[in-house]
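Asker: Work the whole structure out from these sequences, hints included.
Quick note, the sequences are listed as chains A and B, same order. Throughout the first sequence, residue numbering follows this note's numbering, covering 731 to 897 in sequence. Throughout the second sequence, residue numbering follows this note's numbering, covering 72 to 268 in sequence.
Don't take every hint at face value.
Quick look at which bits of chain A chain B covers, simulated, 3 or more residues with Cβ under 8 Å [as the list claims (entries may be wrong)]: (1) 743-755; (2) 758-767; (3) 770-778; (4) 786-797; (5) 810-817.
Hints in this document: simulated from the structure, not taken from any laboratory. Using N, Cα and C, we set each Cβ at its ideal position, and we do this for glycine too.
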Amino acid sequence: MVLTKEQFETLGPEVFPCKRRIDKGTFRGIIKDGEAVFEKGETVLFNDFVHNITASGLPDNIINLAVDDIINSSPLVGKYLWVIDKSGLKIIPESTPNPAVTRKMVCHTNITGGMPALQGGELWFGEDNRVYVNNKSGRYGADTDVQEKAVIAYFISLGLEAVQLPF
Amino acid sequence: MTKLTAEQVLAHFESLPRDQKQLVSSQIFHLKKSALPRARHTKSRKNISQIEVPTASFEIEPQSYGFLDISTKQVSAKKRSAGSYTLLMDDELIEFEKGYLETHEDLWMLKSLVGSHVVMESLKRTKQIDDVFVESLVERHGGEFFTDQHQNYLLATTSQLFESKFGQLKVVSPLDALKKYGLRKMEEANEKNYSKI
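Answerer: Put into structure tokens, the structure is as follows:
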């Protein structure tokens, strides 16, 4: 089973990208029919570059970094964007080029194709074999303490030694 | 082809700034002799006022008066500061002045924050990227930001999670956020919900 009912409930609810911010009135972009409107390139599904850890385990070519670097510099090289949706935990290196968008790099909606997800953030793999996780995502980021804890719990349930990065 | 009198040409020439006058002078030097009115040497005792005044004809659009098409309307005559340059963007000549943006390549941060269409529509009107341009767009379209009480974090949204970590959040106007923390931090906060400052 990809997600238990309890995991789904504590991680969720599932939301379209930026919905949590739209509901709070803090979304800056265009809204149509209650949903955020994105640049075309932001909702392209980068299927060739997304890796599903729940389905396939860790990818072979992960970049492991010194823990000090992860905590102090949040380096772009070795940074992965992560999303948990109903098919599990998916990651993509943030530096994956996306020439179709203003930022020129992928964003969380390139993992989901603009579809709903439960949670999103950033992670790094440490040289100590731990995974360092935060909830930094304007599109699917956690809103509550419960969701933040549920994220780490889900990572652990996949056999990963996950560490919540401090703010 | 529009014929202009020498008086019209001279009047326009006198109205140009000095550097443009120099440019025009070098252009006239290279004009064919035949394009210039010839002095008429005659044994006639006619009064010069009775002689028809020759006109200069230029085979160009009347509004350019035969000068190179570097219009003073497009290129600012003011002294340029370091880091300033002109660029061609979407068929428009745009003046760039360094400030909040190091180079025009940083424009993506402003586009990401306020929207590409907003930036490009404004650029069509102003034809200038400078701090005034950036401030104007951020003030009108930047939305509210927040900081924690110690101003260690810039946030683009509120949540129970952020308030449990930081306590009550302070509202910051987008213009204040721009001046204090810069466009890069604002863009990161908008994209990732928060940014360390």
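Asker: Each hint: holds or not?
Answerer: Hints, one by one, checked against the model:
no., hint, result
1, 743-755, "holds (count 3)"
2, 758-767, "holds (count 3)"
3, 770-778, "violated (count 0)"
4, 786-797, "violated (count 0)"
5, 810-817, "violated (count 0)"
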